[in-house]
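Student: So the chains spell out like this:
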Amino acid sequence: MNSEGRNEILFKVLMNGVAPLVAILIAFGIGGIVITFLGTNPVQFFSKMVEINLGSLRGVSQMIYRATPYFFTAMALSFAFKAGLFNIGAEGQMFIGGLSLAWVGFTFKFLPFPILFILCLAAGFLGGALWGAIPGYLKVKRGAHEVITTIMMNFIAIAMVQYLVQNHFMNPEWGIPHTPTVAKGAYSPSLGKIFPWFPAHTRANVMFLVAIILAVLTIILLQKTKLGYEIRATGLNPNSAEYAGIDISKRTVMTMAISGGFAGMATANFILGPGSHYFLKSEYGGIGFSGIAVGLLGRNNPLGIILAAMLFGFLENGGLGVQLFFPNVPRQIVEIMQAIILIILVIVLELSRKFIKRLQKRG
Amino acid sequence: MAEDSKQGKDSLIRMEGISKRFPGVLANDSVDFSVEQGEIHALVGENGAGKTTLMKILYGLYSRDKGKIYFEDEPVKIEDPKAANRLGIGMVHQHFMLVPPLSVVDNITLGREIADYGVLDREKAKESIQDLASSIGFDIDPEARIEELSVGARQRIEILKVLFREAEVLILDEPTAVLTPQEVESLYKILDNLQEQGKTIIFITHKLNEVMDIADRVTVMRDGEDVGTKEVRDTSKNELANMMVGREVLLRVEKQEVEPGEELLRAENLSVAGEEGALVDDVSFTIREGEILGVAGVQGNGQTELIESLTGIEGFSDGTVEIRDTDYTEANGKELREAGMGHIPEDRLDRGLITDFTVTENLVLGYHTFERYSSRVFLKPKAMESYAENAVKEFDIKTPSTGTLVESLSGGNQQKLIVARELSQKPELLIAAQPTRGIDVGAIEFVHKRLMEEKAKGKGILLVSSELDEIMSLSDRIAVMYEGEFTAIFDAEETTKEELGIYMTGSKRQEKEKVHRKALGNLSNRE
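Line by line, the protein sequences give chains A and B. Counting from 29, one number per residue, gives the positions in the first sequence under this note's numbering. Counting from 1440, one number per residue, gives the positions in the second sequence under this note's numbering.
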């Protein structure tokens, strides 16, 4: 019995701690080799990256700014996962939520801060939630698998958002299709305005705090509330959940809605935070899909996801900055490394699982 | 160790001083085990006694830490199943290793295809499989796909698979766990035929009836040690049970005479429609305080549907259910629980538990919405925890802590957990479906005792079971369910297992009107 407890702990440490770290290290190793072949010293390259991100609070701020949206799309994946659902539709939910929150922001211009800001977030959540609830409903009523429907819903969302922006919200004189700007009342204040020690006029903003608050709220929801208990029960064993009198159809739709809601808030960081203050579709492409990787790397744990999102922010921000110093290394090296992390992670997780099984069998 | 029977003939297989340690558990502790040519040898013990471990060592699936294996008195190394196959040892696992979309012939020949110059000769394969099948006495369509076959048929395919590999020694790991009583009968016939052909059979089980029915000799294991080998004709179920558990065990609980009180549950004309005819067909019954109504029947005759509808998981297509004169026909599980109906589901893993939840979380499953354990929004962890600690103590659930995942408990302890959960809420009425399926003797005794205590407290119990012994020893009245109907009803003392068996197979039925009235309690047994 005791050894089972020990094995369980070992398993958790392996799966949640060691595996992601190993994956990250190997990714940096392979990235380093590629960089060496490109004629650049990888140690110099990576130290420059560290310097850009962590060398100053300004760098840290940039990194946080890049990391924040990943947190939301990764939470979308992980939350659904807790209920046994695969929400691959964060991308579409993010676009619908993004346009919804921008619309509230540029329509109800008369509302003051923070009312408009909060309304915008609510609109983003609701937009994403609606887009997530539809596949949930289709699954419950028609048995349509959510992986298929959420993927399909992505295409619909992308095309719909494009259409709406170009034909309804855009001033044809602007070169690129984007919405009007949101009112000041909707702005998400820079972190520098809240923490005096943080450099002013940098881009990390309140959405990062919203992310942390959401992570904590999610943990409380899942672990401490009746609803969370039912969501987890439904995910782990729908038959037993049904036996327990849980309305699993209702819980499925609700879980997909909350999941979509998280994704719907992802672009608030860009639209409401310091920057252009309008919805610009081309700027957000891929954040929903990368959320899948971040969610996996964070092992579907809200705090793990914050760390994983920071790593992706680190790579992205570092990749942008390091170009100036090493022009012969293409920026895409960062994307390659993100992909390697994911592939290696899956392999290491599988190996850990086998290792534990061997321990249990062979003794 | 010093068993007389071992000295007699030369043994075919002898395992000496086998030890195997898993992290923290000594699964086999210098076990001696020997099998004679041509016998059916039962290997019994409670869950976790080390039976399967020992056989997996013999079959080369596990390595041993210590000990020797002799085959025909020659020391052998069995490093993997292939080596075991070469010695003519084959194993039929508890969980079948078949490819469902493939045909019988493809499954059996898989890995040992009959071919000419690389081209499969399916006709020849089919022929040899059919010969093999008829030699042990069953018919088989070699082109049938596995997914179309019943569980019993699949098991026979597994046996054929082993025979096809020219096994002389067959190890069967709890082969009856998944079978209906008829399928068990036909398995016995097959084993008899195999024995006649001179094959040697090792039969792992924890059901003592089976040992008495089929085996020549029996070896009992407890806590990783062998506690002795007996000739079956020289032993008894009681002796074996005591050896298994290590103390005196009551195989039959003392039936408590309780004067039945008020009517608790009244079910009239219940039906559940299926795609091809009714699954439950016009079933009526009542349950009174202090009464156990047993429902006997071969699995798959509508018991599952009756229970699931009665407990609010599915709906009835017709009929009414009243609990203490209040209508509950349309009630859902939550409302029924609030009305005092407890439910021990027939499938503990698929219905009764969430194995990735902790002991505490499972102990409130279904009752998590009760005010005791949650407010409007939040769970009440303190209340849950203190209740869980009490329940673990009171019901003797063996677990390292209340925070342990239920997945790592033994089957018997998982079942005790469900019983603990359902009885802790002090139900007036308990629906107990297969309450002792797949658990060991000690746990069965415990569950039976608790059910009797509930009855003595004046609770009403509907007991659905395919174990006739269980039905006979607990029930006051016994209904037989066949093809969705109650085809007979008896007072427990006026019937026998044999008689129930006849009704269970549908070869006899009582007059419908009489069953109906008697089940509703309108006809006393003296009429």
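Treat the hints with caution; some may be incorrect.
[Stated by the list, open to error] With the Cβ distance kept under 7 Å, some of the chain B side facing chain A (calculated, not the full set):
no. : residue
1   : Y1767
2   : A1770
3   : D1789
4   : G1805
5   : V1816
6   : L1818
7   : K1821
[Unchecked claim] If you want the footprint, here are the derived chain B segments under chain A, 3+ residues with CB under 8 Å:
no. : stretch
8   : 1469-1483
9   : 1771-1785
[To be verified] Among chain B residues calculated to face chain A with C-beta under 7 Å, some are:
no. : residue
10  : N1524
11  : F1809
12  : S1813
13  : M1891
Think of the hints as simulated: they come from the structure by calculation, not from any bench. Backbone N, C-alpha and C define an ideal beta-carbon position, used for all residues, glycine too.
Student: Against this structure, judge whether each hint is valid.
Tutor: Evaluated hints:
1. Y1767: With a minimum Cβ separation of about 14 Å from chain A (threshold 7 Å), the hint on Y1767 of chain B is violated.
2. A1770: violated, 10 Å
3. D1789: holds, 5 Å
4. G1805: holds, 4 Å
5. V1816: holds, 5 Å
6. L1818: At about 6 Å, which falls below the 7 Å cut-off, the nearest Cβ of chain A leaves the hint on L1818 of chain B intact, so it holds.
7. K1821: violated, 12 Å
8. 1469-1483: violated (count 0)
9. 1771-1785: Check passed, 6 qualifying residues.
10. N1524: Violated - the Cβ of N1524 of chain B stays beyond 7 Å from chain A, reaching only about 20 Å at its closest.
11. F1809: F1809 of chain B check fails; min Cβ-Cβ to chain A is 10 Å, beyond 7 Å.
12. S1813: holds, 5 Å
13. M1891: violated, 25 Å
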